[in-house]
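Colleague: Sequence:
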Amino acid sequence: MASAWNVAIVAVSFLAVVATDPCTSPGVFFSGSMCPANMTLNETSGVISSPYYPRKYPDNQTCNWQITASQGNRIVLEIEDINIESCGASSECTCDYLQVQNGFSVDPGASGRICGTHQKIKYYSNLERLNVMFVSDSNLPKSYHGFQATYKQLNYTPPICPTEAIPLSGNGKLSSPNYPMSNYTASQNCTWIITVPAGKHVKLAFTDFALGSCALDCSSEACTYVEVYDGASASSPSLGRFCKGSVLKETFSSGQQMFVRSHSGSTLDRGYEAQYSVLSVCPANMTLNETSGVISSPYYPRLYPDNQTCSWQITASQGNRIVLEIEPINIESCGASGECTCDYLQVQNGFSDDPGASGRICGSHQKIKYYSNLDRLTVMFVSGNSMPFMYDGFQATYRQLNYTPPSK
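Counted the way mature numbering (1 follows the signal peptide of the UniProt record, and there is no 0) counts, the sequence shown spans residues -20 to -1, 1 to 388.
Everything hinted at is true.
Below, in silico cross-link-like pairs of lysine-lysine (DSS-like), each with a Cα-Cα straight-line distance of 27 Å or less:
#1 153 to 224
#2 153 to 180
#3 36 to 132
#4 102 to 132
#5 229 to 153
#6 153 to 183
Honestly, the hints are just simulated from the structure, not real lab data.
Remember, it's a predicted structure, so these values are computed and weren't measured experimentally.
Assemble the whole structure, with the sequences as input and the hints as a guide.
Modeller: Structure, rendered in structure tokens:
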């Protein structure tokens, strides 16, 4: 009886080895999957390969890996040896192939699907994620050993840029190649397109800026410069070109996209880093109940964008009142005097004895003061779609009063 159990255990153990060890008689497993499906890899480095590498890979396989880096890091994937069945016209790879997504490479033959024989190809991720897929079809027999690749995380910007614009979204950072590890490469162009949700805007601010020598107008192609565009491409209106000696300022898009182009000239330096973020230009019915504070038109004291509607509801403690002091006002004026049919500022539930303070306010004014009727004051700023970025708008300071306003 003990002898029979021993035989059974040996038999089961033998079957388990055959079923799980890819190094033993690979042909036994052609009917099943030897591949991970959407395997997530988040180690700082590692190795992936086709099934049974360096032996011949089986048919009917689909392997997926999702390599994820820590926030702000990038991934470099070095494919050391490639030997994959090639079918179809050049680079079509209609039977077996390897494909890398969300990344780029400057190596020849690295775009789209990869098949055939290659010595080495290197990819960099656009952001913190790189997807790798290996597929083999049902053609038999397989006489190719596939691929092996090593991945690792980079805590600096990759040394090269893709030929197409890198898509970015949300909040993050962009920088010159190799920043801050070493000098950027001369005669290289890098582009990014930043997209935020509809109704939001993009804000870009440089946090480090050390570029090679250049004339102050940044016009020479021998200069290293960064140019920012208000839209999805370099054909959009320019928001500014920045080079050594430029006055660095925060830059804002008028819509939901911003295009950034970096050109490295003949003189080098440490490079640059910039932070981009999603900007809610205008609050909608924002409640303010602090004892004092400041409100303003978008981007003040810079020029405000078009198509904005901002509203604030300033609330005082019970029994208190509010005083609102609007400092210099510069708002586009349309329509007959006092009509303000395009852009305007309007204060409700309050009063003022200053001239021109009733109803909508536009044009230029030095200072206007309002008092609330009770314990609430509503302020609205509206810009139309006629002439964006021509006027700097307004800024106002509010504070609570624990006594009755002086007049009405």
